[in-house]
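Trainee: Okay, here's what each chain looks like letter by letter:
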Amino acid sequence: DAKTTQPTSMDCAEGRAANLPCNHSTISGNEYVYWYRQIHSQGPQYIIHGLKNNETNEMASLIITEDRKSSTLILPHATLRDTAVYYCIVRLLIYNQGGKLIFGQGTELSVKP
Amino acid sequence: GAGVSQSPSNKVTEKGKDVELRCDPISGHTALYWYRQSLGQGLEFLIYFQGNSAPDKSGLPSDRFSAERTGGSVSTLTIQRTQQEDSAVYLCASSGWTGGGRSTGELFFGEGSRLTVL
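Residue numbers (this note's numbering), protein chains in the order written: chain F, 1 to 113; chain A, 1 to 118.
Hints are not guaranteed to be accurate.
[Stated by the list, open to error] Each computed SDA-like pair below joins lysine to any residue, with the alpha-carbon atoms no more than 25 Å apart:
no., chain 1, residue 1, chain 2, residue 2
1, F, 3, A, 61
2, F, 100, A, 55
3, F, 100, A, 66
Hints listed in this document are in silico derivations from the structure and should not be mistaken for laboratory results.
This is chain A alone, in the form it adopts within the complex (with noise of 0.2 Å):
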């Protein structure tokens, strides 16, 4: 597809259990992003990607938190040992040059994957 798509859309899990969360950025964007939005609250940034630099891993909130980039493309959100707390969207972005005009660093948003931890 065109844009940035994510799976699974909801995922419902028990506590302790471990999460899988996959991001299919748009094709030749170098730049992918992850943040989680719980509810009511602001997008709090998780992990950046860019190219095949180092990601900045600052704002993973703990060690059970990790995510990685495969072939500089899809990217896997990964949550060890869910606690209630990690309850939220997580929401997947990219950016990158894709050929013609002016580039504008814009992030492309895909749809999110809820996420409730019982």
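Excised from the complex, chain F in its bound form (with noise of 0.2 Å):
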């Protein structure tokens, strides 16, 4: 599987937006980028999910360069609430709706008043 890596921790201030960058250099092309977060005693949440064009939702913004090689999420106002740890995970999609997710570390994001 391919790897990722994440800044451990990041601040944002309320309001602000946060920028969340992943690095995924070995990705392979039919691999797609995929970020979770999970907030305190919670079950993981899915956010946003792209193969190679930025992809907007609600919740976020996903830029992905154009080698692919890295993303980032972006949440546009940040707040209180999304003070969770984000993963950003790369597999493959299965059937267009499967395949083995692993998370990683992940960036424990807190947003400050």
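Using the hints, put the two chains back together into the complex; each one sits in its own frame.
Mentor: Here it is in structure tokens:
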């Protein structure tokens, strides 16, 4: 499995954009980039995913570099409730809906008032 | 129910006993995953089922751990001769195509089963 590298922790001021980087230099051509987060004591929550194009949904934006070796998750207006561990994961998508998914250590994001 | 259901939510057992943890995935989901999370640690992959294919057991930590999925739906994770280091929250997730829109491959997680081995 391709591995990802993320900073261990980051701080962000409430109301500002949170930009979480991820390196995945060994990603293969058919592997997707997924982002999940885990708020304390809860199960992981899907945020967004992409293959090579930038993606946006109601939660966040995902910017993938042209060479696909890195990506950035953007929370446009961080709130205190966005404090969580954020996981960047690369995986194959099997039958368009499955595939082994391995969580790394993630980035602990602290949103401060 | 509409979500992934796990039982029991809490289990306290004595060292050396066997335990079974159950997962009811979302109806129609063909992929099922088991993870465990020890206190203050990240999620550790245990096993992954995809349809009728042989499961990926590469994350099971020892031969005391096993899992099966009957009829492509309910899954049971069994831990034999439990040890104190098995204490953790065991999380189950499922993913699949349930019709309509673009499938994201999103994993839907249950609330977990908290196992405490005394």
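Trainee: Take a quick look at whether residue 100/F and residue 66/A sit within 25 Å of each other, Cα to Cα.
Mentor: Within the cut-off at roughly 17 Å; holds.
Trainee: Given the hinted pair residue 100/F and residue 55/A, is their Cα-Cα distance within 25 Å?
Mentor: holds, 10 Å
Trainee: Assess, step by step, whether the Cα of residue 3/F is no farther than 25 Å from the Cα of residue 61/A, and give holds or violated.
Mentor: Measuring from Cα to Cα gives roughly 20 Å; hence the hint holds.
The structure agrees with every numbered hint stated previously.
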